[in-house]
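Enquirer: Now for the letters of each chain:
Protein chains: 2
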Amino acid sequence: MESPQDWPTGRLLSTAARLVEHAWAERLETVGLTHAGLIALHLLGEGARSQSDLARSARVQLQTMARTVERLERHGHVTRQRDAADARRVLVARTPEGAALLEQAQRLESEALPPVSDPAALRALLLEVVRSASGGRFPAS
Amino acid sequence: MESPQDWPTGRLLSTAARLVEHAWAERLETVGLTHAGLIALHLLGEGARSQSDLARSARVQLQTMARTVERLERHGHVTRQRDAADARRVLVARTPEGAALLEQAQRLESEALPPVSDPAALRALLLEVVRSASGGRFPAS
DNA sequence: GCTGGATGCTCAGCAGGCTGAGGAACGAGG
DNA sequence: CCTCGTTCCTCAGCCTGCTGAGCATCCAGC
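Protein chains in written order, with this note's numbering: chain V, 1 to 141; chain H, 1 to 141.
Since the hints were derived computationally from the structure, they do not count as laboratory data. Careful, some of the hints might be misleading.
Claimed, not checked - Computed beta-carbon distance windows for the label pairs: (1) H:Glu29 to V:His22: 25 to 33 Å; (2) H:Ala100 to V:Pro119: 37 to 45 Å; (3) V:Gln5 to H:Thr64: 36 to 44 Å; (4) V:Gly47 to H:Gln5: 32 to 40 Å; (5) H:Asp86 to V:Arg67: 36 to 44 Å; (6) H:Gly76 to V:Thr79: 25 to 33 Å; (7) V:Asp118 to H:Ala84: 37 to 45 Å.
As the structure is a prediction and not an experimental result, all values here were calculated from the model. Just so you know, even glycine gets a beta-carbon here, dropped at the ideal spot from N, CA and C.
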């Protein structure tokens, strides 16, 4: 009960994620990004996308993504503007500063995961989990 | 970039954890517990433990555990009292209600992880990650 | 004894998830 | 047209992580 060995797998998953996220966040701090911000910046790609589109891709709720984007905008990493063609949408695009940051940050991100005996197997298993748990909640992403 | 397949492993880990946690929380809601509360309740065992002790075991900060315990107390799942032997400590113990809830909740927790091709391998790999990422941050847990 | 470091806790405040409620715009159908 | 359902977004509020600051207590060493 005291040791992680005896924990249920779900709890192990959450804990591992949190620990890795922390290491990751520490590095990102040096370039002035949070991990959620990096994901959003990454998903943006070259063109502009709507917030709900980003949210679906990132597997988070629209409200969560809206706040992340708002923070990125406040720091000058992205711009937001109403879509002229569909006034419900807000189009988000990277600024040059955002693009520059993204490039630095991506190099840091890959270093955050501690070395593990079989990285490919870990990836494959996590992918299985994501796929099967995304069902319904984030359709057609 | 759009699909999880192309994500870095750390991001996959976080996403998988969040999705599983969500499924888990949904079930726990039916018995009136949050996932953090369940962990604390579980780690308590039969006897009383101090908050910092619980925090170390759960791999969270003392402040986080304090708030979780405070919530459990508010709902009548645990009791808190100053340690007579060391007045800095707060001793936390399960109430009978808390113990009853725990038993129900543990059955639910195990169902939350979606079936995966090699559960044992997933466990083993996650355990590696937790072990190597706990270093320094949560000594001698 | 007293002082000073270590330890346990609380308070305040931030970021990132979530839900629920409600407003504005689009679009299909009567 | 106009209505009604859907979609996109915002606002408010909760829970869980985190940090930093500050307080009380203990204990070792002088």
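Enquirer: None of the hints should be skipped; say for each whether it holds.
Expert: These are the hints, each one checked on the structure:
The hinted window of 25 to 33 Å between Glu29 of chain H and His22 of chain V holds, with their beta carbons roughly 27 Å apart. Range check, Ala100 of chain H to Pro119 of chain V: Cβ separation about 42 Å, and the 37 to 45 Å hint holds. Look at Gln5 of chain V against Thr64 of chain H: about 22 Å separates their beta carbons, and that is not inside 36 to 44 Å. Our hint of 32 to 40 Å for Gly47 of chain V and Gln5 of chain H is violated, since their Cβ atoms are close to 21 Å apart.
Distance hint check: the CB atoms of Asp86 of chain H and Arg67 of chain V are about 42 Å apart, consistent with the given range 36 to 44 Å. In this structure, Gly76 of chain H and Thr79 of chain V break the distance hint of 25 to 33 Å, their C-beta atoms being roughly 50 Å apart. Between Asp118 of chain V and Ala84 of chain H the Cβ separation comes to about 50 Å, which falls outside the hinted range of 37 to 45 Å.
Hint compliance for this structure: hints 3, 4, 6, 7 are not met, and every other hint is.
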